[in-house]
Amino acid sequence: MTTERGGRARGLSQGLDPTARTGRRAFLATVGAATAAVTVLTAGQSFPALRATNLFAPRDEKGPQGLPVNTTAAGAEVQAAASDPAWRLEVVSPSASTSWSRAELLDLPQTEHELPIACVEGWSVSAHWSGVRLRDLLAAVRADPGAGVRVTSLQPRGAFRVVEMGPEFAHSELTLVALGLNGSTLDLDHGFPARMIAPNRPGVLQTKWLQRVEVLT
Amino acid sequence: MRGLATSPRPRLMLGAVGVAVALYGLVVGLLTIPWTSYLGIVVWLAGAVVLHDALLVPALSVLQAGAHRAGRRLPGAALALVEAAFVVGGVVTLIAVPAIWAKHLGPNNPTVLPGAYGPALLVTWSVLLVLTAAGVAVLVAVARRRTTAPPEVGG
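Chains as they are written, first to last, in the working numbering: chain A, 2 to 218; chain B, 9 to 163.
Please note: incorrect hints may appear among the correct ones.
To give a feel for the contact side, a few chain B residues facing chain A, derived at Cβ under 8 Å [stated by the list, open to error]:
1) Val95
2) Val96
3) Ile103
4) Gly114
5) Asn117
6) Leu121
7) Tyr125
Worth flagging that the hints you see were computed from the coordinates, not collected in a lab.
In this text, a Cβ means the ideal position worked out from N, Cα and C, and glycines have one as well.
Let the hints inform the model, and build the full structure from the sequences given.
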């Protein structure tokens, strides 16, 4: 009884009355604690500093070249086509068309960028990509800078086998036909021989195992 | 205690900032999201409301009523701590259960759902319970000392 009265006098005792509601401060502290707990226990998938406490995130740094994979080369049935030494990337515009082998792409001026794979399934991991700027390849076929492109993958099926990119992506200086990842050759599961990586695009639209880039009219 | 949250002007300003941010989000959403996606977005947003109103709130209300009945002798702060622990544990459980279920169904490669979500959930609940029990013990001891001390100290 004395506990109850003393508690009430200090303003802490709403909890003693079964009909009382949680106080505002306790409520705010609880929301803060829950937010902090979720952040600390999941954000490690995107922030290396929190890797040690990443217990509940759907992805972590596991995966070839330190990057998770959603669709493997085997799953996409592209292993043979993507490993074929005769592979060439076709780039086609209304006025010209050309193609490059992987070695020829590597001979072009190379650019490096840190860009995230941000998956619609709720994870995002940054990586260090190297390759050729898409706009350099588009310039080689005299593409209209105001035109978007249609990008086709080697994969035989799948909802995102063919995707379109607006001119703001196609001609961005950050958009790469990536040939390397985190300092080494792009892994087959990450899109070898070449994949698209553009800023601010959902992961499913970052086409892997590139086959053809077609300028839209 | 006439602080930030009780005097009207800062409260109005905070509200105005909140409304402005929400309006900005709405305008950007309307301008950049194709209207064909609206239905999916509404379903997604409604899912959060359903999860909150149909699952989280009833579960926590039952727990709160139970805690209040069982914890009538506990100081208010200790009861608030117990409630907070259940909210934290509940939110973490909401995140972990879909991962446990999806992992049970079998992810399509080893980099998908790499965690040991079930054991991690058990460990999290254990740590929460131990920390909460320790906190409650401290708060009960403090409350007891205050009530046995002279009134001017107990306040």
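The hints, checked one at a time:
1. Val95: 5 Å, holds
2. Val96: OK, holds: B/Val96 within 8 Å of chain A, min 5 Å.
3. Ile103: 5 Å, holds
4. Gly114: This hint is violated: B/Gly114 lies away from chain A, its Cβ roughly 13 Å from the closest one there, beyond 8 Å.
5. Asn117: 5 Å, holds
6. Leu121: Holds, about 6 Å.
7. Tyr125: With a closest approach of 6 Å, the B/Tyr125 hint holds.
Of the numbered hints given earlier, the model fails hint 4 alone.
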